[in-house]
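2 protein chains.
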Amino acid sequence: MEIIKDISQMQKTANTLKKEGKSIGFVPTMGFLHAGHLSLIEAARRECQTLVVSIFVNPLQFGAHDDFNTYPRDLTHDSQLAGKSGVDILFIPDAEHIYPGGYQTQVAVPGLSENLCGRFRIGHFQGVTTVVCKLFHIVKPDIAYFGQKDYQQLIVINKMVADLNMEVQIKGLPIVRQKDGLAMSSRNAYLNERERKAAHCLYNSLCRAKQMKEEGITQCSKIISAIRDIISAEPMARPEYIRICHPETLQDIEYIEDRALLAMAVHIGKTRLIDNCFL
Amino acid sequence: MEIIKDISQMQKTANTLKKEGKSIGFVPTMGFLHAGHLSLIEAARRECQTLVVSIFVNPLQFGAHDDFNTYPRDLTHDSQLAGKSGVDILFIPDAEHIYPGGYQTQVAVPGLSENLCGRFRIGHFQGVTTVVCKLFHIVKPDIAYFGQKDYQQLIVINKMVADLNMEVQIKGLPIVRQKDGLAMSSRNAYLNERERKAAHCLYNSLCRAKQMKEEGITQCSKIISAIRDIISAEPMARPEYIRICHPETLQDIEYIEDRALLAMAVHIGKTRLIDNCFL
Numbered sequence: 116m117e118i119i120k121d122i123s124q125m126q127k128t129a130n131t132l133k134k135e136g137k138s139i140g141f142v143p144t145m146g147f148l149h150a151g152h153l154s155l156i157e158a159a160r161r162e163c164q165t166l167v168v169s170i171f172v173n174p175l176q177f178g179a180h181d182d183f184n185t186y187p188r189d190l191t192h193d194s195q196l197a198g199k200s201g202v203d204i205l206f207i208p209d210a211e212h213i214y215p216g217g218y219q220t221q222v223a224v225p226g227l228s229e230n231l232c233g234r235f236r237i238g239h240f241q242g243v244t245t246v247v248c249k250l251f252h253i254v255k256p257d258i259a260y261f262g263q264k265d266y267q268q269l270i271v272i273n274k275m276v277a278d279l280n281m282e283v284q285i286k287g288l289p290i291v292r293q294k295d296g297l298a299m300s301s302r303n304a305y306l307n308e309r310e311r312k313a314a315h316c317l318y319n320s321l322c323r324a325k326q327m328k329e330e331g332i333t334q335c336s337k338i339i340s341a342i343r344d345i346i347s348a349e350p351m352a353r354p355e356y357i358r359i360c361h362p363e364t365l366q367d368i369e370y371i372e373d374r375a376l377l378a379m380a381v382h383i384g385k386t387r388l389i390d391n392c393f394l
Numbered sequence: 116m117e118i119i120k121d122i123s124q125m126q127k128t129a130n131t132l133k134k135e136g137k138s139i140g141f142v143p144t145m146g147f148l149h150a151g152h153l154s155l156i157e158a159a160r161r162e163c164q165t166l167v168v169s170i171f172v173n174p175l176q177f178g179a180h181d182d183f184n185t186y187p188r189d190l191t192h193d194s195q196l197a198g199k200s201g202v203d204i205l206f207i208p209d210a211e212h213i214y215p216g217g218y219q220t221q222v223a224v225p226g227l228s229e230n231l232c233g234r235f236r237i238g239h240f241q242g243v244t245t246v247v248c249k250l251f252h253i254v255k256p257d258i259a260y261f262g263q264k265d266y267q268q269l270i271v272i273n274k275m276v277a278d279l280n281m282e283v284q285i286k287g288l289p290i291v292r293q294k295d296g297l298a299m300s301s302r303n304a305y306l307n308e309r310e311r312k313a314a315h316c317l318y319n320s321l322c323r324a325k326q327m328k329e330e331g332i333t334q335c336s337k338i339i340s341a342i343r344d345i346i347s348a349e350p351m352a353r354p355e356y357i358r359i360c361h362p363e364t365l366q367d368i369e370y371i372e373d374r375a376l377l378a379m380a381v382h383i384g385k386t387r388l389i390d391n392c393f394l
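These protein sequence lines are chains A and B, in that order. First residue of the first sequence: 116, per this note's numbering; consecutive thereafter. First residue of the second sequence: 116, per this note's numbering; consecutive thereafter.
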């Protein structure tokens, strides 16, 4: 596995691969790799001739009160994991090279960034689309892989790529969960033992919502209310939002007709967790 | 000369050229080609193996009260001119394909877009950077050519390309002027005979500013005041802005030390003209 830190070296390498006609699969991450990332890496490994994984904790997508400084980092472990997983190139750029002094340019997808996490993490998705746009110009992937846990991120990026005529195929892969259902997330590392148990209320409530849908309940307010009850029953949990929306427009819906997205953000102690499922 | 209207056909063609190792020179225009455009086309023809010119009157860069509807268009003449000038591909996309229903994504360079024209044409440069970002993804140029008449546009695009790690070289070419000094512009077509004469005050004032600088005057307010006098002496002219700024940051300066940019926008009747020079 080759480790590249320099942006122009990554670009040169990508250009050479392109000229050789080799497809590039790309998994952009913020590191602290877990089974969720590995599922993306495995898919990319199967489908592409060259596999690039990036590790970059993107300051632009963190708000002033977010956890940029404490976000878990473990490059040694990440490198080992990447090496074992058949990654060809681990791209680890420095923040001062990604955003050099005087950096200005922003890429935004305002409509899809509005609802759900976008209501609470102002500027977050603009930070995501900006860095992903840059990473795509650097790594030049044929296919890029994202997890469906960050569902809004996935469709915001999909929209950016389509709108800006970028020739990258975006693939969203299913959420990987722990045995008790908790969605894999680097932020799970923040949870102490009691919080870890409390966090189970997210998956519980998704299951309850699916059950209600199967029972024929289509009124979103009823489902959301039931979820709120489950989460409120957990003293350590504080819901930020619970919404049911159209899976493409991310606009709230009142009644479930076709496929709907149930998405939520819940604070467990100081840790903000997100989860979602289709109903 | 091949005429391409379809975005994906243009992309396929560009990809094929890339694979063949042929360099692509690109001159993006809004059509109604004049000697200014031709100087860009000639440079691109000299320097690149393939020459692509686009014609697209970009609605996103026009404000509600701007001249989008009346902007001069003459595709027949443009095609003839392009054919004679050795253009290989004339790319003429439709607005509904560039901005299909539900289009959202915006690319912005807020800092450099703030001063000069940016103060008066709110959203203009965001429209420019968004469409140029898209066009670069479609045409995949090695070198793209812009005129220095739209100096702010040139350096905003330069900044976007650098910030977003786009591998396109941006070249800015000198302003082409008519015999009496009026900068070439598609909007000159709006001027009637009297306005055409009145428009001479822009070039006159640039010359006066250069003369003052040569005489050792470095205080910007003095130079600007002299220019304002020249323009005010012309009854049909109404200055929008006259500024002297740093040529890279576009921030206003008080005294000229190194090279400075003098830039102005002046209404001649209903026509808004811009011009600039280095002092």
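Honestly, the hints are just simulated from the structure, not real lab data. Careful, some of the hints might be misleading.
Derived DSS-like pairs: lysine-lysine, alpha-carbon spacing no greater than 25 Å straight-line [claimed, not checked]: (1) B:Lys337 x A:Lys127; (2) B:Lys294 x A:Lys127; (3) B:Lys127 x A:Lys137; (4) B:Lys328 x A:Lys127; (5) A:Lys255 x B:Lys255; (6) A:Lys120 x A:Lys133; (7) B:Lys312 x B:Lys294; (8) A:Lys137 x B:Lys328; (9) B:Lys134 x A:Lys133; (10) B:Lys134 x A:Lys127; (11) A:Lys127 x B:Lys312; (12) B:Lys255 x B:Lys294; (13) B:Lys137 x A:Lys255; (14) A:Lys137 x B:Lys137.
**Prompt:** Straight-line Cα separation of lysine 137 (chain A) and lysine 137 (chain B) no greater than 25 Å?
**Reply:** holds, 19 Å
**Message:** Run the distance test for lysine 120 (chain A) versus lysine 133 (chain A): straight-line Cα separation, threshold 25 Å.
**Reply:** holds, 20 Å
**Request:** Could you grab the alpha-carbon distance between lysine 255 (chain A) and lysine 255 (chain B) and see if it respects the 25 Å cut-off?
**Result:** holds, 12 Å
**Message:** With the threshold set at 25 Å, check whether the alpha-carbon distance from lysine 294 (chain B) to lysine 127 (chain A) stays at or below it.
**Reply:** Judged against 25 Å, a Cα distance of about 46 Å means the pair is violated.
**Prompt:** Within a Cα-Cα threshold of 25 Å, do lysine 137 (chain A) and lysine 328 (chain B) meet the stated pairing?
**Reply:** Violated. Lysine 137 (chain A) to lysine 328 (chain B) sits at ~57 Å, over the 25 Å cutoff.
**Asked** Is lysine 337 (chain B) within 25 Å of lysine 127 (chain A), Cα to Cα?
**Response** violated, 50 Å
**Request:** Measure nothing beyond the straight line between the CA atoms of lysine 127 (chain B) and lysine 137 (chain A); if it is 25 Å or shorter, mark the hint as holding.
**Result:** Distance of about 17 Å is within 25 Å: holds.
**Message:** Need the status of pair lysine 328 (chain B), lysine 127 (chain A): alpha-carbon distance at most 25 Å?
**Reply:** Cα-Cα ~45 Å, so violated.
**Asked** Straight-line Cα separation of lysine 134 (chain B) and lysine 127 (chain A) no greater than 25 Å?
**Response** holds, 15 Å
**Asked** Does the alpha-carbon distance linking lysine 134 (chain B) and lysine 133 (chain A) stay inside the 25 Å limit?
**Response** Within the cut-off at roughly 8 Å; holds.
**Holds or violated: lysine 312 (chain B) to lysine 294 (chain B), with C-alpha atoms at most 25 Å apart** = Between lysine 312 (chain B) and lysine 294 (chain B) the Cα gap is close to 12 Å, so the pair holds against 25 Å.
**Prompt:** Taken at face value, is the distance from the CA of lysine 294 (chain B) to the CA of lysine 255 (chain B) at most 25 Å?
**Reply:** Distance of about 36 Å is beyond 25 Å: violated.
The structure fails hints 1, 2, 4, 8, 11, 12 (numbered hints given earlier, in ascending order).
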